[in-house]
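Just need the whole structure built from these sequences, with the hints factored in.
What follows is the residue order along each chain.
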Amino acid sequence: MLGEYLENVHQNSPLIHCITNYVTVNDVANMLLASGASPIMSSEPRDVEEITSICSGLYINIGTLTKRGVRGMNIAGGAAERLGHPMVLDPVGAGASTYRTKTAMDLMESLHFHVIKGNISEIKTLADGSGSTRGVDASAADVVTEDNLDVMVQFAKDFAKARECIVVITGKIDLAADAERCFVIRNGKKEMGKVTGTGCQLGALINAYICANPREMLGAAAAAVCAMGVAGEIAWSRMEDGDGNATYRNRIIDAVYNMTGAMLNKCARYEIR
Amino acid sequence: MLGEYLENVHQNSPLIHCITNYVTVNDVANMLLASGASPIMSSEPRDVEEITSICSGLYINIGTLTKRGVRGMNIAGGAAERLGHPMVLDPVGAGASTYRTKTAMDLMESLHFHVIKGNISEIKTLADGSGSTRGVDASAADVVTEDNLDVMVQFAKDFAKARECIVVITGKIDLAADAERCFVIRNGKKEMGKVTGTGCQLGALINAYICANPREMLGAAAAAVCAMGVAGEIAWSRMEDGDGNATYRNRIIDAVYNMTGAMLNKCARYEIR
Amino acid sequence: MLGEYLENVHQNSPLIHCITNYVTVNDVANMLLASGASPIMSSEPRDVEEITSICSGLYINIGTLTKRGVRGMNIAGGAAERLGHPMVLDPVGAGASTYRTKTAMDLMESLHFHVIKGNISEIKTLADGSGSTRGVDASAADVVTEDNLDVMVQFAKDFAKARECIVVITGKIDLAADAERCFVIRNGKKEMGKVTGTGCQLGALINAYICANPREMLGAAAAAVCAMGVAGEIAWSRMEDGDGNATYRNRIIDAVYNMTGAMLNKCARYEIR
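Chains as they are written, first to last, in this note's numbering: chain A, 1 to 273; chain B, 1 to 273; chain C, 1 to 273.
The list treats identical chains as interchangeable, and a pair is accepted whether it falls inside one copy or across any two copies.
DSS-like, lysine-lysine: derived pairs with alpha carbons at most 27 Å apart:
1. Lys157 to Lys190
2. Lys190 to Lys266
3. Lys266 to Lys194
4. Lys102 to Lys67
5. Lys194 to Lys172
6. Lys102 to Lys157
7. Lys172 to Lys161
8. Lys172 to Lys190
9. Lys172 to Lys157
10. Lys189 to Lys266
Hints listed in this document are in silico derivations from the structure and should not be mistaken for laboratory results. In this text, all values refer to a predicted model and were calculated from it rather than measured experimentally.
Written out as structure tokens, the structure is:
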């Protein structure tokens, strides 16, 4: 059951090194703290190697790239790899610009990420090296639906096999797959798309979960996706008249803060294909 | 009526490229999402041209300048101009330092902004190339009041005429003017000044409004100013004992999230001079 | 009584130049506004000298260092020193990496800070030039407790004497000391550690307090520490079922916004040793 993965995060309190965009970095930090993990941010090339060495995992998010930041990602990634730290790549906006696509592809080629997480546009971009992402959101033509689910599950497995990683594809239906198994997850609320950074928060959360559950990373990644979705549902149920996306943002983090393994077990909605 | 401009934002969901300061960038993103628009942030010179090309508008805010960021602004601005994208300049702190003043002046000289938005100290600085801004807030000696309103309205129109743009001057009374007409707006609450970034949020909101209403940019800019002010009023009315500026921040964004055209029509308080 | 120091912040509204990390910068800005002070952020080397010259104090936080940012810190620090502005150093993560430790040491050597504030791991690192900080949080082995309080009070006084500054050491028990006197402060809630940036907010708050009370900086620094702790207590008492660290973050800032001198006098729990 997925709740155990959550409890392991509470018990192990992994420290996650985040190299992430400046738009949502504060929410990423508070989300990690809410989950029972801890954040440390550093992207400066001369700082990242040591910082990563005192952490358990490395979360790389390309939301607002700088040249120095990319250098930092590569140095930190190399160190994390040598240390065997679980690493997550969040290729925000891959497909939206050549620089983002190329950076994500380069990172994926030169480092081994345990989990690559993106929306379908981003993951498709990584799968074929080009894309037509609409900004940082998935193209409308490109969503996982009940109709194309079989195809998408196979796509996820193929991607995971080719890249020897776990892939998480977020959308109305979320997928978390390795080469052989795919969690099809139906938690979450569409209104989460009105809060900036829920995707980034999820990326960091996945990293905390796989760090605390290194032997069952697929289950752990799926648990993180379910936890985020359940948090979105709980948070929405607490919304009052006049509340909007800013309050929703806070309530989602609050819901992760209060989530127990038992709650996750009860509310997670997924099947394995 | 101004409500129509708001509804056009809901319907068109413009994607706004923001090159903005790292202090308030998260709130800017959530404010755009609250309004029905979408944000994408990128300031890296090698990324900005393509990013701007997939957007509808470009918001430039000089709140925390870096050399590379300024280069990014110029490249993005050039691309946006070629594409005919509505552009807003938010000269945060112009007058507070030579570097800010010079950067704002240079941007204004080399690019054509559809709207320039600032407090009176910032706009006066741009009008005469120097200033005495107190930090990022307007000098006390320099506010738009009922007493000097005629002079200020004329100042706004003259600035708009000289720069062939719309100017928005924020303060206790807000002005939105082109060369011929000036909206004098009396929405908002003074407590909004206790929330960091309400000005930045307004700048981005104006950008969303003019993108969704390209043929009536003055009315659209005025509608955005009214919407922000009305949001401040609604948010304040929802404050409870013990709430302060952090809660107020959230409630302002929430109020924009829930605002309808009818509400804006009902609550907007303005005259045209 | 400490409440007077708070009221002086309300009356003087000091403008604080902050060179701080991008993770918690927004909360730092809102915390300063909540306290009655005002923030301005700038780290660009060519901007910082003039910005600092229009401010009352300079807050330097090394949470996310960049090479240019460090240059900015030195230039701003030199200018602030010439102008006699109260300066606070927040050596976030000193001990966690050589670069952070070295930068903090260098800043401490080349500039005179009126207050140096950190957790015990960070301050010990500065005291002996090395450390074993766990990320940005204090090592478990290294906390101020009732058992080691005498030793820690003496350590704080010795550090303050050696560095000719006030030192603030945060933890379960907070210490604020100069060479002769040490405030031992027992306000606050351990749950504040689940909110990113409460330490950064405190650093900036101390700066506002010492700027508004330049002749009694030790008392003012202690008052800021008490105010932050009391805010954490008030905020916690307002938490409802389902609330978590995101809501707590907002309520802490709200509590500072609403705090009066009388409330601080009533709730501050400290002794002087």
